[in-house]
Amino acid sequence: MGNTGKKMVREEPFNEQQSIKREMKRIQEEHKELLRSKTELQHQVSQLKEQLAEKEEQMSRIIQKHRRTTVAHVEAMNLLTSTQAELKESKQRCAAEENCGNSRRRGASRRSTNCGRNSSSCRFPMVKIGRGNSRRRGDGRRSTNCGRNSSSCR
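Just add 1300 to wherever you are in the sequence shown, counting from 1, and you've got our numbering.
Rather than coming from a laboratory, the hints here were simulated on the basis of the structure.
Treat the hints loosely; a few may be bogus.
Cross-link-like lysine to any residue pairs, in silico, SDA-like; alpha carbons within 20 angstroms at most [stated by the list, open to error]:
#1 Lys1332 with Glu1350
#2 Lys1391 with Glu1375
#3 Lys1349 with Lys1332
#4 Lys1338 with Arg1322
#5 Lys1391 with Asn1402
#6 Lys1365 with Lys1349
#7 Lys1325 with Arg1336
Make a model of the complete structure from these sequences and hints.
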């Protein structure tokens, strides 16, 4: 009986070692799987970072394009506003000259001075005085407009 007791004592550490080896092997396999998962996740993260960088670059280009377009629209609006203001001023000057010219023309000839501005709104006839902007009338006489070549000036 003494021998069997010694054998059991020897078997217990052996079984315990086998159990530890199995546990170590399971942990190593789990570790390998975790490393594989880590590598896959790192790859996914790097791909997502690349995609994000591409999207940010696209957004930057789109924003720059919109900014350029907006600047162009603002400049066009500013130009339109200033042109409208000039046109309004020119119309006022031509209207004043027309009133002045009408009073001058009542008595003497049809000669009148122009307002010196380019305007598409001048509608009063003038006889050519020198070499200004002029165009033919239907009756063959040359007339000048207020300085602008315009189809609406008569």
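For each hint, the structure was consulted:
| no. | hint | in the structure |
| --- | --- | --- |
| 1 | Lys1332 with Glu1350 | 27 angstroms, violated |
| 2 | Lys1391 with Glu1375 | 24 angstroms, violated |
| 3 | Lys1349 with Lys1332 | 25 angstroms, violated |
| 4 | Lys1338 with Arg1322 | 24 angstroms, violated |
| 5 | Lys1391 with Asn1402 | 16 angstroms, holds |
| 6 | Lys1365 with Lys1349 | 24 angstroms, violated |
| 7 | Lys1325 with Arg1336 | 16 angstroms, holds |
When each numbered hint is compared with the structure, violations occur for hints 1, 2, 3, 4 and 6.
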